[in-house]
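**Student:** Sequence lines, in order, name chains A and B. 1 is the number of the first residue of the first sequence in this note's numbering; add one for each residue after it. 1001 is the number of the first residue of the second sequence in this note's numbering; add one for each residue after it.
Since the hints were derived computationally from the structure, they do not count as laboratory data. Model, not experiment: these values are computed from the prediction. Just to be clear, a hint being listed does not mean it is correct.
Unchecked claim - Partial chain B-side listing against chain A, Cβ under 10 Å, derived:
id: 1; residue: D1035
id: 2; residue: L1037
id: 3; residue: D1098
id: 4; residue: G1118
id: 5; residue: G1190
id: 6; residue: L1228
id: 7; residue: L1231
id: 8; residue: F1235
id: 9; residue: V1239
id: 10; residue: F1266
id: 11; residue: G1270
id: 12; residue: L1291
To be verified - Facing chain A, a subset of chain B residues (Cβ under 7 Å, in silico):
id: 13; residue: P1129
id: 14; residue: I1236
id: 15; residue: D1273
id: 16; residue: L1279
id: 17; residue: A1282
The beta-carbon is built from N, C-alpha and C at its ideal position, and this holds for glycine as well.
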Amino acid sequence: MSATTAESSELSASAAIPPPRRSRVLPIVMLAVGLVFAVLPFVDLPLPGVFTGPLSSPGTLQILAIGLVFAGVAMSYDLLLGYTGLLSLGHALYFALGLYGTNLLMIHFELSYVVAVPIALLITLVVALLLGSVAMRVRGVAFAMVTLAFAEAFHVFVEADPARISGGEEGLSLAGAQVPDLLTGVVNTRWVYWLALTFALLSFVVCHQAVSSRAGRVWQAIRENEDRVELLGLIPFQFKLLSFGLSAVVAAGGGAVYLLLVRGATPGSASAVFTLNLIIMVVLGGLGRLWGAALGGLVFGYLQLRLPGVARSGVFDPLPAWLEGPLTEPLFILGALFVILVMFAPGGLASLPERLGLLRRGSR
Amino acid sequence: MSLQVFVLLTVTGLGLAGVYFLIASGLSLIFGLMDVLNLAHGLFFTVGSYATWWVMTRFGFIDSLALRFAVAVIVAAAFGLAVGWITERFFVRRFYGDHVTQILITLGLSLSGVALIGGWFSYDPQTFPLPELFRRVVLIAGARIPVSRLLILAISVVLLAALLTFLRRTRHGLIIRAGVENREMVQAMGIDVAKSFTLVFAIGGLLAAIGGVLGAVFFAGVTPEFGLNVLVFAFIVVVIGGLGSVEGTALSAVLVGLTQQYVNFFAGAGIGDLTVVILLAATLLLRPQGLLGEVAR
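So that you can see chain B by itself, here it is in the shape it has in the complex:
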């Protein structure tokens, strides 16, 4: 293979990894802290991508597309934060300790939320104008790389750094990390873990919504059901990375994104997705706790 193709595939794969990471990291934290499998996470993603589409097509009063995109990111983040908060505060919280009901509630929210968006904006794929800058290409090792890919990568890396800093350097982050490790012990020390529950849902919603923004750029359009498709790969990323580990999620997102891109290119569309599932099966057989997970769940 030529170097150019390799570089292009790598950058594209890393961009995809960024999208996966943003949706999977919240999922992993929510699961690690609360044992909740949040099926509404795909909805958070969809909310983010539709917020982008909405701002990009309806905010005509902002002339500069680049500025409009910046607004779109902020609006999407705000919507994601709000939807995540509402999901925890009004639905999931009512059923602590009852995992099946929590899963069922998030499932119902996910399906009706997606149908709501489909009913409002139709199920047809929607496209939106992107800033001119995004369509430019830069030359890296002779390969023509679209700027949008690099931007996706940059935003993901910045958010990864921000998330790790938050978890490692702040008091709330400390409580979340301690709660993932041993929730009972944290409670026994008189710390109200329930506050962190709302917080991780809000953060998860925010990250997934920004994932939705980047996903809309990456796949050049939005559809209501897209969040669910990405959610499946986010699940795979979470299980391979190890439930509850942000670093593991990042590592496994890169692994999954790159594998998918390389194999899909060389072996044909669809084979890459299958390979990722085989990767998952292999992880389960050899290391059921995931790459950086502590214990098998």
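This is chain A alone, in the form it adopts within the complex:
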């Protein structure tokens, strides 16, 4: 779409997205990667510089687990932006609904974690379908603004806390008594880590199945040309809503796992900044490639948690103050990296092997 013919404000991300290709190798590779991640808690290997403790230490597993949750949520976001072409700026809302919803159900109804999570996911689905159908009254950029507004309303609601239930700015700490013993306490970090890994793999399976299904084909057609899909006799609205609802539920699942990892729910998880971070993860990794989004989530989680530590270790001390300040900000480095990638490598990290000519012969 060139500037001269772009009459409507529809979004087209096709420039950066690879053509659809049914990969049989990908699920096998992802499972193999999953197996490697699964045995990490048994590996006592120290990786100085990369992590502060050995791989099996709770601190390292915590960082990896958060990266895995981000990877799973990023894949759900890729479903929307990368596959359906819907630029939602409100995905944080659904992550936060899983996070707050699960915790509130455990606190107020004394449900066990195992019961609270499915109910929270169901609530998220209903909310997503409702808000999604209102937001889909408009397309493209206006849709982005409206989803942002809805998410921000929730953010303001939990932060201002007029009903005195969400703990305001402080947030809510985890209702520990309702959680199975295996998933609480620092000694059991490896179990929470495995839960995060399970979530990431499940998210991959669900998203992969969804995008290779018939509905998934229609999503990709909508991304390319929504009017044409309508002309073919399909109703884009239904398919878009399906994509919206599914990705919201997966994101809420991520929120429920994140709750155990950070042992609480804070308003920051519902903020626009979290959605923007998700976009960074997906685009950093590569739009329209699930493994790219997963990689982006992992890298983002790792950098965000490790960069402040690196900065404190004094590596940047010799630098002048005007340079040292920004370099200790993870978001400055990630944001700058993001701008550079968008400008010079639109396919993200996932496109780099092809870009460098490494995969050209291997993949057909």
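Starting from the known structure of chain A, arrange chain B on it as the hints suggest.
**Tutor:** For chain B alone, kept in the frame of chain A given last:
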């Protein structure tokens, strides 16, 4: 409710509306002309508010605080103009026709720009001295109204008038208005619309930066992330007003600012912000093109 409270809330709400209008009008014009959702607009706002803080605290050689504030407005406007121009010229321009990449670029600029300011000046809220005049109150219908509120209102109204005059009475304004209406037709007549693209970004940056100055006065301080918060409400204002319509933006800014103030006061903090979002949902269901918008986007 007493009349005094009502008057105070109204003036405060209108002041807030002024801040919203300044950031939303540029956003609306940029979108109307170029179909670009400029997420860096919050950064323009933050640049303006930090320019104010910088001048007010570091320009000690200017003794009069009122004079220093006048300098701050000019410096903020210049910074806003420059940042807007740079954003269009070096980042957005490279990707015409590719809306997603344009949004992503402005998003990356916004996040890294805010982190840059946070890294330089810390994320803690900063305060600065205001001219003595601002803290005085005047009596209007028995209500004690701070002069700063009236000043915010006055500056916003003057800028609204200036923007409308520019759009209606100058050749550049004519091209921008025509471009919002039908860009292809303007191009077909042999007019270089791309020049107007840079111009609206620069104007948008200038207005948002002055919005940042007024926002810093209104909220009595600056933080790096504040621009993003205001940007969310600016989005709501733009959608309710109708994308691309400056008059619609002004009208909807007043509607949103007043609603937020009244409801937040009477129903509790946070409820007003929720009401504004409900207002947005209602607008979308009943009139998706916005109050004064021409077509649904």
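**Student:** List, from low to high, the hint numbers that the structure doesn't satisfy.
**Tutor:** Numbers 5, 10, 12, 13, 16, 17, in rising order.
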